[in-house]
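Let the sequences and hints guide you as you build the complete structure.
Protein chains in written order, with the numbering used here: chain A, 1 to 394; chain B, 1001 to 1394; chain C, 2001 to 2379; chain D, 3001 to 3379.
Possibly wrong hints are sitting among the right ones.
Each computed DSSO-like pair below joins lysine-lysine, with the alpha-carbon atoms no more than 30 Å apart [as the list claims (entries may be wrong)]:
| no. | chain 1 | residue 1 | chain 2 | residue 2 |
| --- | --- | --- | --- | --- |
| 1 | A | 333 | C | 2258 |
| 2 | A | 387 | B | 1387 |
| 3 | B | 1267 | C | 2308 |
Don't read these hints as lab results, they were simulated from the structure.
A quick note: this is a predicted structure, and the numbers were derived from the prediction, not measured.
Residue-level listing of the chains:
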Amino acid sequence: MNALERFRAKTRTWLEENCPLSMRTPMPEEERVWGGRQPKFENPDSKIWFDRMVAQAWTVPAWPKEYGGGGLSREESIILGEEMGRLKCRVPLFSFGISMLGPVLLKYGTPEQKAKHLPPIARGELRWCQGYSEPGAGSDLASLKTRAEDKGNHYLVNGQKVWTSYAHLADWIFCLVRTDTTTKHAGISFLLFDMTTPGVETRPIALISGGSFFCETFFEDVIVPKDQLVGKLNGGWDIAKQLLQHERGMIAQIGRAIGGKVPPVYKVAKKYLGDENGKIDDPALRDAVVQHTMNDRAFDLTIKRAAQESEAGTASGGASSMFKFYGTEQNKKKFELIMKCVGTNGLGWEGDEFDDDELMICRTWLRSKGNSIEGGTSEIQLNVIAKRVLELPD
Amino acid sequence: MNALERFRAKTRTWLEENCPLSMRTPMPEEERVWGGRQPKFENPDSKIWFDRMVAQAWTVPAWPKEYGGGGLSREESIILGEEMGRLKCRVPLFSFGISMLGPVLLKYGTPEQKAKHLPPIARGELRWCQGYSEPGAGSDLASLKTRAEDKGNHYLVNGQKVWTSYAHLADWIFCLVRTDTTTKHAGISFLLFDMTTPGVETRPIALISGGSFFCETFFEDVIVPKDQLVGKLNGGWDIAKQLLQHERGMIAQIGRAIGGKVPPVYKVAKKYLGDENGKIDDPALRDAVVQHTMNDRAFDLTIKRAAQESEAGTASGGASSMFKFYGTEQNKKKFELIMKCVGTNGLGWEGDEFDDDELMICRTWLRSKGNSIEGGTSEIQLNVIAKRVLELPD
Amino acid sequence: MSLLLNEEQTLLKDYTHSFFGEKLPISALRALRDGKNETGFDRDLWRQMAEMGWAGVLLPETYGGVDFGYKGLGQVLEESGRTLAATPLVSTVLLSAPLVLEVGSDAQKQNILPAIVSGDLILALALEETPRHTPANTALHAEADSDGYILNGAKTFVLDGHIADQLIVVTRTSGAPGDVDGLSMFLVDGGANGLTRKRTTLVDSRNAANLTFNNVRVEPDALLGPVDRAYGALEAVLDGARIGLAAEMLGSGLEAFKRTIEYLKIREQFGVPIGSFQALKHRAALMFCELELTKSTVLEALTALDEKRSDVPQLASLAKAKACEMIELVTNEAVQMHGGIGMTDEEEIGFFMKRARVAQQTFGDAGFHRDRYATLMGF
Amino acid sequence: MSLLLNEEQTLLKDYTHSFFGEKLPISALRALRDGKNETGFDRDLWRQMAEMGWAGVLLPETYGGVDFGYKGLGQVLEESGRTLAATPLVSTVLLSAPLVLEVGSDAQKQNILPAIVSGDLILALALEETPRHTPANTALHAEADSDGYILNGAKTFVLDGHIADQLIVVTRTSGAPGDVDGLSMFLVDGGANGLTRKRTTLVDSRNAANLTFNNVRVEPDALLGPVDRAYGALEAVLDGARIGLAAEMLGSGLEAFKRTIEYLKIREQFGVPIGSFQALKHRAALMFCELELTKSTVLEALTALDEKRSDVPQLASLAKAKACEMIELVTNEAVQMHGGIGMTDEEEIGFFMKRARVAQQTFGDAGFHRDRYATLMGF
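Dropping the structure here:
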């Protein structure tokens, strides 16, 4: 038995002994653990599982030990993931600090910044949110206007961010700000600050689908110490690009996750349209449903192929834009089809006259419209494919 | 009875007495009379009808009498049209001279040019063709390069035209040429010349659908007398715009005419797919067919409404681009649907193993693809709608 | 024949345009929604509309109506669609008034029609029982006895059902669900014993209710029209409603499109208005074509209704199907082209999408009407 | 499991790419067409391909084959699709060889398979009788008598039917058209008495024929596979053919797309390359997505064939339907984006559109396969 095999055996044993049984079941959204100054554990087992994983530093298994990480090698991390998958262990901690800020700090942060911020992220002690988009800067993110003025020993931040997910629940924010107004991309910096700093206000945004975790966040004369600048002054755009790539992938997943709560279209169609002789009882809709179903399958196969190509090092690029575009458009079509199948039963906003599934269909149909906007619109993805993959001229 | 009523009565009597019965039936394409130096009359009655209408000068009823026209007022022309319609009289003479060049000469021509060219057009003695597009100048017509150099007492024309319809059968050409290479739109002039002039060569273009009346036409050191310039030197673009507007309308009609030879899609569908219980026996295709049929009906109603608005003076503009776009796209879809219905029977190129209707379906399907290219592509029409109607910014 | 508006219709359209814009803008619907208003509409404003004759547009002067015809009513509906105004136009004016006029007894007409015209009486048609429009599937049972009829069953998606003073209930008096024969209609008081009405809160914030009939007893004179033979008159009035609703949807589509085009002109990204991007231009031009086509079908169908032409059923399906296809395209594109702001409840464009899907499902969606059109055309 | 090519398959693909590009470019098809070539393909080149083992890709070494499997053959077909090469790959290699291998007697295999591998024998499958693919509708009658069978009826759209040395004829030996039971296959000599073969000149300039059987007599040993039970093996081989054809269509689509993108880069109007127009960019990106999706379905389906998985029928319908939808989009857009030049016979892009529609109709179009997929999935 080699070292990796020994690691796998040990890990398996540890997981079997330490992961509570209730933490091996599919997780309802409300049981997600986000950590922070006021952590919430809807399920007591969540806390046990969270604490044990934190103690192992396996919330961030591959981070260096000096910054609170597990210090595992790439191979060991993969094995840990595989073993957790085998037992269907829940993710112990959801965190933008882990998924987004951490990699940025590891790459761009000073030793002091790493030492200060990474361990609390690893232990889930602070909850982070991001501040990228602004009302005037959507697809054209680099046109952002939130100003950070150099006041000698601190920056003074003024401006507004939108789509700051979970900002109303976050302790700290990592934020793109303008530090030079005479240039566009080269005048952006990356700042960190505490959401309790005076002058920070945040409020959730009501969407067409109802309340949301998205927020508007306002900064009025917010004082940020200079050592909370990450990377070079005016060097924030490189960091932004790295973060956006990540966000794009996340949102394609979210699109699929949103869809995932609803049974496949053809099952909804059978339920609401009937299926004499086993066939959906509206032949025109049946044709639309099967076409959609086939495209889903083709899309899944393409994701699988891209993963294999990526592993083999033969990936051709453009995949993430294609997945973001196609996945979100496909999800929108799925809900339009479902709405057609469900008829007036899909039109309920709230109340007892509709069952929960039907109410969820309506809300999710509305929410799906955002998939092709957030994280880079469909139009932006098509532009990227045309430029990067097809090399069409500007 | 007022003067117009008397004119109507007289016209009706004249038509009834002079229009041969065979000239009141739908006209096969090959029986069209185009006139020219070597006129062709596939049907002897066509010549009788042609000669009588020429004698009346009713080939061009509204042109002034001095240029060989009928000298009718607008109201009288309309009445003549209505009465010919009532009897279903055939058009006695097809002519680009009448439909395209005539209006240009009446507006821009010198008295000498009118006197020289209009009467032979009215009498169908000369057949004209147009020379606009060039291999490098399609959608961007004004980038045309065919050069007319001023050689003192004549122009020397060198260059190439494409899509010169019926050029191989035409006696004269009206042609857009470049007379100033230092500017774009303001360097174009409008020339007339005889196709038998040395240096003119023309050959029909084989299309993907087979032979065609479109030609490529080559000019090598063609000498054109200076009095054959129409309008101002370098003032040809205004004339071109007027002609293009006309061509656009024609092509939308041609598109419909091409489609017109084939029975409605739903009849083809019933024939090839069967219709148990009166319903097309492929429910998914039936849905596509009915959607197409409904769009056809909606499109026809829109043409009707536009005509009424135009008459009432409330037309909102953009109609011709919309009709060109929608009509030609609709025609392409029609043939794709028909091809699906007809299956392998629609795949025949020639030979006895397919019936004539089936062979025509295949050829017409291919030919329909040109509808959305010729006379301004669909893309150009959408640009025009966005700019002129929706006033979206450049 | 004419697809244009005459002077009277143009004036009516201009006036209603101003009225809805001033009195019932989308903010009014938002206020009703956020205030959890129990009726879901403004009865005072409805009386004002009635004073201007809109409640009696389809009714002859005998009953106080102005007899402007469907083409006139179409203009009112189109303009109401522009502001998504919540009114009883559909339930009372488009559905109930012509039904009573067509098959009501003299007494019923005298009792009901003038009260509709004055804006005092609101009626609702209780028709649907399943989530997809299929009138012949009516199962709600009406049993005759010596004193009248006893109604048992349930209705869903009854527009204005919770506020209607009276209901026209489509019932089955013979045959089985699916049969077109055997349907009868009854007038039932909104407060009848055994009738339970539950308002449904729909995504469009407009008004509908689910009803249950538990041994609801009606007198013999509650019968509206002939026994067992309601289907013909019902379908005819439904065709009018389909066309009228298509006019409303046309108005919504035109307004959502107009707002989107305006947004494309003012929203800047990358230093230029996003309306200068060719891909968006082409999609906008496509929407323009679909709107123009829909408009033509609506005008032709309204004209055919007034001319009592035999092709009304075909044209009703044509107009409703086109309106459904158009509004789905236009509202989806409107939200997408508005970007993130289009996803917020604060921005009004989302209201058009929400209303659109309800209107699409009302009186048959595009699929229903494509199938019906093909059947009517013999294929 | 893998959707990637292994080294052997990559080499094969690269080699066939060069071969078809050099030996059978589109100009070769044009020459066959314009020269009214009687066979419609180049037999010498076919022998060269056979020498390289391509005729025996699916066959085991026992019969001289190279046994590279469907994934190997898919690469050859994809590359042949790039140049629209007219070869007997579909008729002989994709349809006939696996049929004989699957259900043939030892004698039949020995007689036929090595001759296929060497390129000396061309076979065709005579299946279709109606303009739309429906294998079970076979009506061509085979009557047993003491000396064998007598065949009467007609076949249409027989790929390579006019040049095939032997035909595999699907016949009805019992039951009625529409029944899946009662089908039997026979090997019939191309020159058999009573057999009339008429080549059809199709829009794609490839090779097919209509056949009539007028008391064509065959010996008992002409029977290929079991009596009355041909359907299972036939469907299995058809699924292989659907997937192989989808691979060919993928190649055509990739090539038509590549040429279109190149044209967008060089064709200038208004002083800029037309590929700089955003509307065309977005449409190009959409085509890219469709091509990528199609490629994934083809690779998965080829893999499933080699792994003899139970989901082959589903995947065959998936790959063929996607290929049909993709190629219709791509070829239409290719011609439109080429503008006027795309309409000329001189430009090659039109050949892709012509071939596309024939390939779409071969072995079931998108509609056929969507219906079949839904049925296989239980809805």
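Of the numbered hints stated previously, which ones are contradicted by the structure, given in increasing order?
none
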